[in-house]
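Novice: Each chain is listed here by its residues.
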Amino acid sequence: MSESDDLKQNDGAAKTITRRNFILGVIAGGAVVSAASYRFLAHSRRPLPGAGERLITLYVNGKPRRVDVMKQETLAWTLRYKLGLTGTKLGCDRAECGSCTVLIDDTPYYSCSVLTHTVRGRNVTTIEGLAAADGKLHPVQQAVVDSQGFQCAFCMPGFVMSAVAFLKSHPNPTRAEMAYGVSGNLCRCQDYSKILDSMMRAAEYMRRA
Amino acid sequence: MDMAAVELTKAESLKPIPFGTGYKLIGKDYPTNDLVAKVTGKAKYAEDFRGEGMLFCRLVLSPMPHARVKRINTEKALAMPGVKGILTPADVPGLADYINDNGTRIKADKWGELALAAEPMYQGEPILAVAAVDELTCAEAIEKIDIEMEPLPFNTDPLDSLRPGSANARMDGNIWVQAKPPRGQAELTVLKWTDEDFAAEKEGKLPMGHAPDEWSYGDVDAGFRNAALVLDETFSTEDVSHQCLEPRTAMAHWQNGKLFLYTGTQSTFQTVSAIARWMHMNEEDVVFISEYTGGGFGSKITGALTLVIPALLSKKLNAPVMMRISREEEHFIGRARPGIRARTKVGFDKDGRITALDMFLVSDAGSYGSNGDGGACGQITSLLYQPPAMRWRNVTVVTNTPPRSAQSAPGGMQAIAIIEPILSKAARKLGVDQVALRRVNCPEGKAEYGPPSHGGKRPYATSCFLKQALDEGAKQFNWSERAARQPKQVGTRVRGVGVALSTYHGGTIGFDGLIIITPQGRVQIQSGAGNLGTEALIDVHRAAAEVLDVPWEACDIVWGDTSKHFPYTCASGGSQTIHALTRAGHAVALECVRRLKEVAAKSLGGQPADYEVANLRVSQKGGGVGMSFAEAAQHAIKLGGIYDGHDVNPQVNKATKKAVAALAGQGLVASAKDNYPHDGDSFSYVACFAEVEADLETGKYQITDYLAYADVGTVIHPAALGGQVLGRSTLGMAHAIGQKWVIDPHYGVTVAERFYQNRPPTILDVPVDMKWNALNIPDPETPVGARGIGEPPVGGGCAAITNALADALGDNIFQRVPVNADTILTSYEAGRPMQNPLLAHI
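Chains A and B supply the protein sequences, listed in that same order. Here the working numbering is used: the first residue of the first sequence is 1, the next is one more, and so on. Here the working numbering is used: the first residue of the second sequence is 1, the next is one more, and so on.
Read the hints as simulated data drawn from the structure, not as lab findings. The model shown is predicted, which means the values in this text are computed figures rather than measured ones. Possibly wrong hints are sitting among the right ones.
Claimed, not checked - Example chain B residues on the side facing chain A (calculated, C-beta under 8 angstroms, incomplete):
(1) Pro31
(2) Tyr756
(3) Ile763
Unchecked claim - Straight line, CA to CA, 16 angstroms or less: simulated EDC-like cross-link-like pairs of lysine to aspartate or glutamate:
(4) B/Lys24 - B/Asp349
(5) B/Lys110 - B/Asp97
(6) B/Lys597 - B/Glu553
(7) A/Lys82 - A/Glu53
(8) B/Lys488 - B/Glu693
(9) B/Lys425 - B/Asp549
(10) B/Lys76 - B/Asp29
(11) A/Lys82 - B/Asp29
(12) B/Lys28 - A/Glu53
(13) A/Lys82 - B/Asp134
(14) B/Lys488 - B/Asp695
(15) B/Lys44 - A/Asp105
(16) A/Lys63 - A/Glu96
(17) B/Lys316 - B/Glu553
(18) A/Lys82 - B/Glu135
(19) B/Lys429 - B/Glu553
(20) B/Lys345 - B/Glu472
(21) B/Lys42 - A/Glu128
What the hints assert, rightly or not - Chain A regions said to be covered by chain B (calculated; three or more residues, Cβ under 8 angstroms):
(22) 53-66
(23) 85-94
(24) 98-109
(25) 114-122
(26) 191-198
The beta carbon of each residue, even a glycine, is placed where N, CA and C say it ideally should be.
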């Protein structure tokens, strides 16, 4: 199948990625989920799992990136291990903690649960893509710095990406609304109060910007 | 104790002090040096490092709670393309004796845990590791490994393990007997209680058979005889995983015979000796890199034992090896707080003052090693509620469940969760206000605690101003008005308020500081602490900068890589760092000032005492000659000897001496040991207040408000402190509102191993506007007056919630935490606690 065929086929599904679509995508992509299939595939079809990789183009942080991906490869894996964008963190790898949140066309997604081949041609923004080229921080980032937000910060990139998306559509949230806006992200240092302080400051900075 | 200290500890005389009073840097907010890297994604955690030709490895975990690995056949797996090697238990070095920091030989623990087990003691214990070109190949190879295991007897419930005829978790025993002084290691032995001992169980009370650990002080019997009210309560706390967001992933590579290891830790400095010990290597051959750590909470004090797996595989295969730990694996190997079952009898006089306290504990040690939680539970109870007479008994039971370790406020959290509901009940029965009852029992000044030590004297705190924190907190929370507010119930919704005292250890002493004034005029501070997000790693050096009277912008903090050479440093665990390292920082800054003056006097004439240090210059007092820090550093290099590190301050630890030798000649190199006096043991204190609203129709409840008022001595960095006060409070709340384990006792297997099953709190579980405050009254026993805060709020965070729930719903709802919606629904209707208080992991 050519790359353009894949694009067409995935176009609809990719715009509304749900858990169900994700699972369907895995199955369609030929991913191996059971021990039996591992054995079956290992010898008959490919000597090395990497041999199933294909070259595709992604748009990440405003730049086209050519990258070899496996059909079952998640976006988080591609970003971290193929493109060197390790700011996106893996805390659970199963859509529970939100550490891997990135923006796909301005909508936040758990990149651990998005198949890379489904986001071809779409704009992916990671934590590394927020600051301006001259290093000037995004208002949400600046607000975190000014509020000493977060502790260990392993969850921070995910929270920040969620907040960037939420504040775009909700520029004037109450504290409770802001909490809902980032409630798909887990902080194990439980620094929720200071995180909310940062995000409310971020809302103010974004309104001013 | 000198008179000044007596004056300072007159609890009632001191008022809160505005943060930063009298200081240029201390007590002021500032962006920590690591923050921009964190928020731009540049900060590198263990999984973010890469090596040329890096392999991956994956673990094989035991499917059984206790078994013996009889045979492993790896032939087919090793024949697969892409599979590079397999590590078995036979490849892992055994535990060896070692010499600790103080030169004492510590005997190898014959029951100790290894990275891979030939006799796994819990479901989920690693037994094999496979390295391959990628993780998918690892997974395929694992399917081809043939492992034969022999199931062994197991027990996952500590109380069941004490039952006559029950299975022991280990072949040679089921309980740990704590070492008697002089300190040795806990010994494993067998203990079974009798059927008569278990009779109390039928009444819903914790049975009390023989307990090997015991102490007491005062006349306990007389205390109960003279009491106006005696309560005898059974209460259990849950085993709760640390669930650090960053799993204990590790990467290793070797170069020229040296091991380079990358993983999260709570102490960059102290992890080197742990790695060397586990690997049977010299410390000189270990380079440890840990720039950022995604949470520790006590579970990564010196990294994690499993780090030897990539280290050994990398050595064997001559390639870098990345071992990513999955969320499920983290559940099993990631450590947890031991649950404690308690039976506590407390006598009160008519004003609510405790007359006697008798505490009996059954602590769950999990599968490896004893723990100090039961012991700390007794000590913290004694300090926080000041019973004039107290007896403590404890039995620490081995179970085939994941290993436990210290978790924020180990033992202290459980103590407070256990005792506070009893105080609340007593206050209601005696008609005494909840705050008033806590006030009459509150520690103060150099409060004594625990039994007399060998010298016959009871140990005591350095200082305690918890009464002021309680008073100030009650004012800020508007306690009197809220407690009296009526009606409590509107429709099906009922409101309650709770208050709880909280404390834990807040600091250690005796570590070293190391500063270099560079020829460029920078103040370079070497920091061996772990960077796990408390910001203590950086905050402590505000004390050094303050003493040196330099702007913060002139300071560079060097951390996270032992090839950069660090002084003897504490682990960032047990709330030590702020106390221990502001002391060391203060000491080394004074040493730096002294050497700067000497360099100036030697170079420009006059006596060192003629000079002063300010604004990055050392100059003659009254405006004479002087030189910049840059010039002083250049002169120091010319002078050599003690000035540039070719000689070293003889007082410092041998590790600091090595670091100084390695850095010699790079500028003015100053090192110093914290030799400051320290009368008493350092604790920090928090008064916690909460309001909850419960729905009687659904059992669901919400924490609607929370305030924590802290006594932590001098506040160093308000924003970081606030984050800790509320963050650790929330860790405590998690224990009250839902975080737990679930284990099937029949098969001994875990059925809750992910976030959505163990349920750590989300941002929607906590009040939207939590508040904190601190007295900022300096501790008289430490030069900067600052103590730690990581542990102290945890117990109060839990108990303020349970106390508020009891205020809303009455005393007959729960006998254990967490309190879930079903707990409330069933118990409220029945009018008595409906959940079994003693069953483990339900």
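Novice: Determine for every hint whether it applies to the structure shown.
Specialist: Structure-based check of all given hints:
1. Pro31: holds (5 angstroms)
2. Tyr756: holds (5 angstroms)
3. Ile763: holds (5 angstroms)
4. B/Lys24 - B/Asp349: Measuring from Cα to Cα gives roughly 49 angstroms; hence the hint is violated.
5. B/Lys110 - B/Asp97: holds (10 angstroms)
6. B/Lys597 - B/Glu553: violated (22 angstroms)
7. A/Lys82 - A/Glu53: OK: A/Lys82 and A/Glu53 at ~12 angstroms, within 16 angstroms.
8. B/Lys488 - B/Glu693: holds (9 angstroms)
9. B/Lys425 - B/Asp549: violated (53 angstroms)
10. B/Lys76 - B/Asp29: violated (60 angstroms)
11. A/Lys82 - B/Asp29: Violated, because 39 angstroms separates the two Cα atoms, which is more than 16 angstroms.
12. B/Lys28 - A/Glu53: Cα-Cα ~53 angstroms, so violated.
13. A/Lys82 - B/Asp134: Satisfied, since the Cα-Cα distance of roughly 13 angstroms is no more than 16 angstroms.
14. B/Lys488 - B/Asp695: The given pair, whose Cα atoms are some 12 angstroms apart, holds under the 16 angstroms limit.
15. B/Lys44 - A/Asp105: Roughly 27 angstroms separates the two Cα atoms, so the pair is violated.
16. A/Lys63 - A/Glu96: Between A/Lys63 and A/Glu96 the Cα gap is close to 29 angstroms, so the pair fails against 16 angstroms, i.e. violated.
17. B/Lys316 - B/Glu553: violated (46 angstroms)
18. A/Lys82 - B/Glu135: holds (14 angstroms)
19. B/Lys429 - B/Glu553: Since the Cα atoms of B/Lys429 and B/Glu553 sit roughly 58 angstroms apart, the hinted pair is violated (cutoff 16 angstroms).
20. B/Lys345 - B/Glu472: violated (31 angstroms)
21. B/Lys42 - A/Glu128: holds (8 angstroms)
22. 53-66: Since 0 is below three, the answer is violated.
23. 85-94: Three-residue rule met by the segment 85-94 of chain A, so holds; n is 10.
24. 98-109: This one is violated; 1 residues, fewer than the three required, reach chain B with a Cβ under 8 angstroms.
25. 114-122: Violated - the segment 114-122 of chain A has 0 residues with a Cβ nearer than 8 angstroms to chain B, which falls short of three.
26. 191-198: Contact hint for the segment 191-198 of chain A vs chain B: holds, 6 residues under 8 angstroms.
Of the numbered hints given earlier, the model fails hints 4, 6, 9, 10, 11, 12, 15, 16, 17, 19, 20, 22, 24 and 25; all others are met.
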